[in-house]
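K.L.:
So the chains spell out like this:
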Amino acid sequence: MAVVFDKTKGLTDKPFHYCPGCTHGIIHRLVAEVLEELDLVDNAIGVAPVGCAVFCYDYFNCDMHEAAHGRAPAVASGVKRVHPDKTVFTYQGDGDLASIGAAEIIHSAMRGEKFTTIFVNNAIYGMTGGQMAPTTLVGQKATTAPLGRDENHAGMPLRVSEMLATIPKAVFVERVSVHDVKHINQAKKAIKKAFQTQMEGKGFSIVEVLSTCPTNWGKTPVESLKWLQENMMPYFPLGNFRTPEEEK
Amino acid sequence: MAGRVIFDENKCKGCELCTTVCPVKIVVMDKERINVKGYHPATVKEMDKCTACSSCAKICPDVVIKVERL
Chain U
1 MAVVFDKTKG LTDKPFHYCP GCTHGIIHRL VAEVLEELDL VDNAIGVAPV GCAVFCYDYF
61 NCDMHEAAHG RAPAVASGVK RVHPDKTVFT YQGDGDLASI GAAEIIHSAM RGEKFTTIFV
121 NNAIYGMTGG QMAPTTLVGQ KATTAPLGRD ENHAGMPLRV SEMLATIPKA VFVERVSVHD
181 VKHINQAKKA IKKAFQTQME GKGFSIVEVL STCPTNWGKT PVESLKWLQE NMMPYFPLGN
241 FRTPEEEK
Chain Z
1 MAGRVIFDEN KCKGCELCTT VCPVKIVVMD KERINVKGYH PATVKEMDKC TACSSCAKIC
61 PDVVIKVERL
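Which chain is which? The protein sequence lines are U and Z, in order.
Read in this note's numbering, the first sequence has 66 at position 66, and its numbers run on one by one without any break.
Read in this note's numbering, the second sequence has 4 at position 4, and its numbers run on one by one without any break.
To be clear, the hints were calculated from the coordinates, so they are not data collected in a lab.
Possibly wrong hints are sitting among the right ones.
[Said to hold, decoys possible] Partial list, derived from the structure: chain Z residues whose beta carbon lies under 7 Å from chain U: (1) Gly14; (2) Glu16; (3) Thr20; (4) Pro23; (5) Val24; (6) Thr43; (7) Lys45; (8) Met47; (9) Lys49; (10) Ser55; (11) Ala57; (12) Ile59; (13) Val67; (14) Glu68.
[Claimed, not checked] Straight-line Cα separation of at most 27 Å, DSSO-like style, residue types lysine-lysine; simulated pairs: (15) U:Lys7 to Z:Lys11; (16) Z:Lys66 to U:Lys202; (17) U:Lys14 to Z:Lys11; (18) U:Lys192 to U:Lys169.
[Unchecked claim] Distance ranges between label pairs, derived from CB positions: (19) Z:Arg33 to U:Asp58: 55 to 61 Å; (20) U:His153 to Z:Lys31: 42 to 48 Å; (21) Z:Asp8 to U:Pro168: 43 to 49 Å; (22) U:Gly148 to Z:Gly38: 31 to 37 Å.
No experiment lies behind these values; they were computed from the predicted model shown.
In this text, a Cβ means the ideal position worked out from N, Cα and C, and glycines have one as well.
Required output: the full structure, derived from the provided sequences and hints.
P.N.:
Structure follows, in structure tokens:
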């Protein structure tokens, strides 16, 4: 009898506080499995965001640091410069990274800070109660856009990966999704590649993960995965935007 | 190729994602019981059909499932 799948050592035993069906749990597991596979559990320093994932410092089994809202890339820049031999990552949502933390992520990428960012994009503010985020789709309802996002009033959703891919020192940029098992496997490969890019000292790396928010979308977890596939994926196309090989 | 899935039942939040990805459709919600969180937990009634593909474990957001190949 062989164990085919078991909980990774990269996660602690604390149960997640996330709502039922929230894909944060899947993304946590993928990051933790990569930490274990790359033998980084004792060598990594993570920076937690503000948002639903604020308590991720309790869940990852490595050293963790909390940052002010949106400022995880600034904290990670400092940590990495003081500890260049450690592997540093930030785990941030779209309300954190794409709005209040937009300056921090852009300038960290511009400076080519050698850390990895896991960017969880669920097109809404989760923890604060479903307000419109910079990534909210046109027509999507939010508590601050009860009739749906109006592009003439609130503009168009921000495509973070495409934006960061224009920055020369952002050497690894990829957008993945976790709406089915095949894409979950691809997401894990991308996260692993991002960490390896950092370990090889090549520069800034980011993986954007399309995620769901059943509670604030007002859908069941199963409907949410379908909604992600039908509505988010056309506007946020999956794929790799930058790899270190391009630099050669 | 037989397999076995083991649920850490009291961590299950009843989201039903595991029931949608099983290729042999044996993962179901146990509507007759509730766990300590108050949800109907996911369970498998016909374990002999399990192929140990781990799809349910990979999509579970709460890392409830352990998979063994017999």
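K.L.:
Now look at each hint and say whether the structure bears it out.
P.N.:
Going through the hints against the structure:
1. Gly14: holds, 6 Å
2. Glu16: holds, 6 Å
3. Thr20: Threonine 20 (chain Z) check passes; min Cβ-Cβ to chain U is 6 Å, inside 7 Å.
4. Pro23: Proline 23 (chain Z) check fails; min Cβ-Cβ to chain U is 10 Å, beyond 7 Å.
5. Val24: For valine 24 (chain Z), the interface hint is violated, since the closest Cβ of chain U sits about 14 Å away, which is over 7 Å.
6. Thr43: This hint is violated: threonine 43 (chain Z) lies away from chain U, its Cβ roughly 16 Å from the closest one there, beyond 7 Å.
7. Lys45: Check failed: Cβ of lysine 45 (chain Z) comes no nearer than 20 Å to chain U, outside 7 Å.
8. Met47: For methionine 47 (chain Z), the interface hint is violated, since the closest Cβ of chain U sits about 14 Å away, which is over 7 Å.
9. Lys49: violated, 16 Å
10. Ser55: Result: holds, 5 Å to nearest chain U Cβ.
11. Ala57: At 4 Å from the nearest chain U Cβ, alanine 57 (chain Z) passes the 7 Å test, so the hint holds.
12. Ile59: Hint on isoleucine 59 (chain Z): holds, closest Cβ of chain U at ~6 Å, below 7 Å.
13. Val67: holds, 4 Å
14. Glu68: holds, 5 Å
15. U:Lys7 to Z:Lys11: holds, 13 Å
16. Z:Lys66 to U:Lys202: It is violated: about 36 Å lies between the C-alpha atoms, which goes past 27 Å.
17. U:Lys14 to Z:Lys11: holds, 10 Å
18. U:Lys192 to U:Lys169: Roughly 19 Å separates the two Cα atoms, so the pair holds.
19. Z:Arg33 to U:Asp58: 55 to 61 Å: Once the Cβ atoms are compared, 29 Å apart, the range 55 to 61 Å for aspartate 58 (chain U) and arginine 33 (chain Z) is violated.
20. U:His153 to Z:Lys31: 42 to 48 Å: Once the Cβ atoms are compared, 45 Å apart, the range 42 to 48 Å for lysine 31 (chain Z) and histidine 153 (chain U) holds.
21. Z:Asp8 to U:Pro168: 43 to 49 Å: holds, 46 Å
22. U:Gly148 to Z:Gly38: 31 to 37 Å: holds, 33 Å
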